[in-house]
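Colleague: So the chains spell out like this:
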Amino acid sequence: MMTPDVPSVLSELAGLLVRNAAPEVPDAERASALGLSSMLLALAAEVWDGAAENLIQENRALAVLLDDKASEASLRLSALRAENARLRARLIQAHVAAERAADAAREEAIWAELRASTERRKLSVSPV
Amino acid sequence: MSHPLEPRLAAYIASRLPNASEVAVSALERISGGASRETYRFRLSYREGGQVHDRKLILRRDPPASLIDTERRVEFEAYRVFHGSSVPVPKMLWLEEAHDALDHPFFIAEELAGFQASPQLLFAGGYEAVLPKVAERKWTILGEIARADPEGLGLTPVMEKPPLDAAWRRELDHWEAIFDSDEAEPQPIARAAIRWLRAHPPPPARKLSVVHGDFRTGNFLYDEAGEIHGVLDWEMAHLGDPLEDLAWGFNPVWEFGRGLAGGLVPQDRAVQIWERASGLKADPAALHWWILFNCVKGQGIWVGSARAFIDGGNREPIMVYPAWWLLNAQDRAILKVMGRL
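These protein sequence lines are chains A and B, in that order. Its first residue numbered 61, the first sequence is counted upward by one per residue in our numbering. Its first residue numbered 6, the second sequence is counted upward by one per residue in our numbering.
Rather than coming from a laboratory, the hints here were simulated on the basis of the structure. Where a beta carbon is used, it is the ideal one built from N, C-alpha and C, also for glycine. There could be a bad hint or two in this list.
Stated by the list, open to error - Among chain B residues calculated to face chain A with C-beta under 10 Å, some are: (1) Val28; (2) Arg46; (3) Tyr51; (4) Trp330; (5) Leu346.
Said to hold, decoys possible - Distance ranges between label pairs, derived from CB positions: (6) A:Pro83 to B:Ser20: 41 to 51 Å; (7) A:Ala149 to B:Gly344: 22 to 32 Å; (8) A:Ala161 to B:Ala182: 37 to 47 Å.
Only chain A is shown next, with the shape it has when bound in the complex:
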């Protein structure tokens, strides 16, 4: 659930590594580019294994909350992310409706899911 998505970043890093292999790149710029790339690769490695499971869990939890059905027609991360975006857009509407109706129980259920969503996405280097 990283944004920008991991494949597009890895693809960019592949090009960056090739460019920085060239001898004319100034040392300080190469050091900076490689240092930052290293940190990104570490974060990509951290989320890789759990990404599909987290998305499926979250989509199913959202579907229950919204009385919807989470599509699992494709288990590609891109398809699961698109479904996640659809369901989270619906969650915003449901949240607004609960606030307008002063439905405290419904609001609390939505906040609980939002809390859980940040636990699923939490990185080892998260400052909060």
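Put chain B on the given structure of chain A with help from the hints.
Modeller: Just chain B now, with coordinates in the frame of chain A:
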């Protein structure tokens, strides 16, 4: 091997120093970390009035697409008016808003050399004894920025003056529009925070102040004694409620996981220092509003950074790291400030 920008930069500077000869730029290197401007340090040498001059300078150039889109004239003027005051800033030299010389607008300033900016280094252990001093200086300087008179400084021609009771709305409108234009996926937590902020507006600003806009640990230069020698990164400077500036540093992501304001001291202590220096009182409810606002603003910046990468305007890793590192952390910060975590 010399950097390809060096001869172009030398030609530009030579045009600004008509009495100088032998103008040369060397040792130009990009400094890591800048996501809203490309920042380079370099050495300038030239002969003028029978003397050879050798200066360490900084070039800040607009990137193709930025984490934060702002006018470089505003940033330049903010630095310029505070130079020589109790708010330490580098001296500005030249502002170039045309694209001819270096492909993008830029400005050149004196380098404040020999100091550190890294929060990681500050919190690595070697500076533990001076952290209270850093805090004292940090919030004293911020209080002095709040105390300054924007009119007297001459900033009103370049910075819009919002009415005191509309400063909050202007800022919230601006950052909500960033979500509308830039978010790559729905942001249910930030949107809930924005609804709460609109439903519970803060009182009018007590005065109109210069707001640095990004005054946090990491954006000032410090030394081993805990003294602060330069406040940097004024690209989000504007006029507004001084509590906005105080609250930005209380965004929980800037605690760096240490449970202290700015990673330095308890929040109450920081407020106390700021109140003494600014001569203002920080109403707790208003401050809470501005802290939550700044969590939303932070998320707007990380969302914008991701968008710049996705759209291809800027594919550098520095555009990805803040988004990956902070998008979820900022959501957690919002939940924390709203009492939901």
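Colleague: Please go over all the hints and tell whether each is borne out by the structure.
Modeller: Hints and how they fare:
1. Val28: 21 Å, violated
2. Arg46: 9 Å, holds
3. Tyr51: Where the cut-off is 10 Å and the nearest Cβ of chain A is about 23 Å from Tyr51 of chain B, the hint is violated.
4. Trp330: Trp330 of chain B check passes; min Cβ-Cβ to chain A is 6 Å, inside 10 Å.
5. Leu346: This hint holds: Leu346 of chain B lies near chain A, its Cβ roughly 6 Å from the closest one there, short of 10 Å.
6. A:Pro83 to B:Ser20: 41 to 51 Å: Taking Cβ atoms as reference, Pro83 of chain A and Ser20 of chain B lie about 32 Å apart, which means the hint is violated.
7. A:Ala149 to B:Gly344: 22 to 32 Å: Cβ of Ala149 of chain A to Cβ of Gly344 of chain B: about 25 Å, so the range 22 to 32 Å holds.
8. A:Ala161 to B:Ala182: 37 to 47 Å: 28 Å, violated
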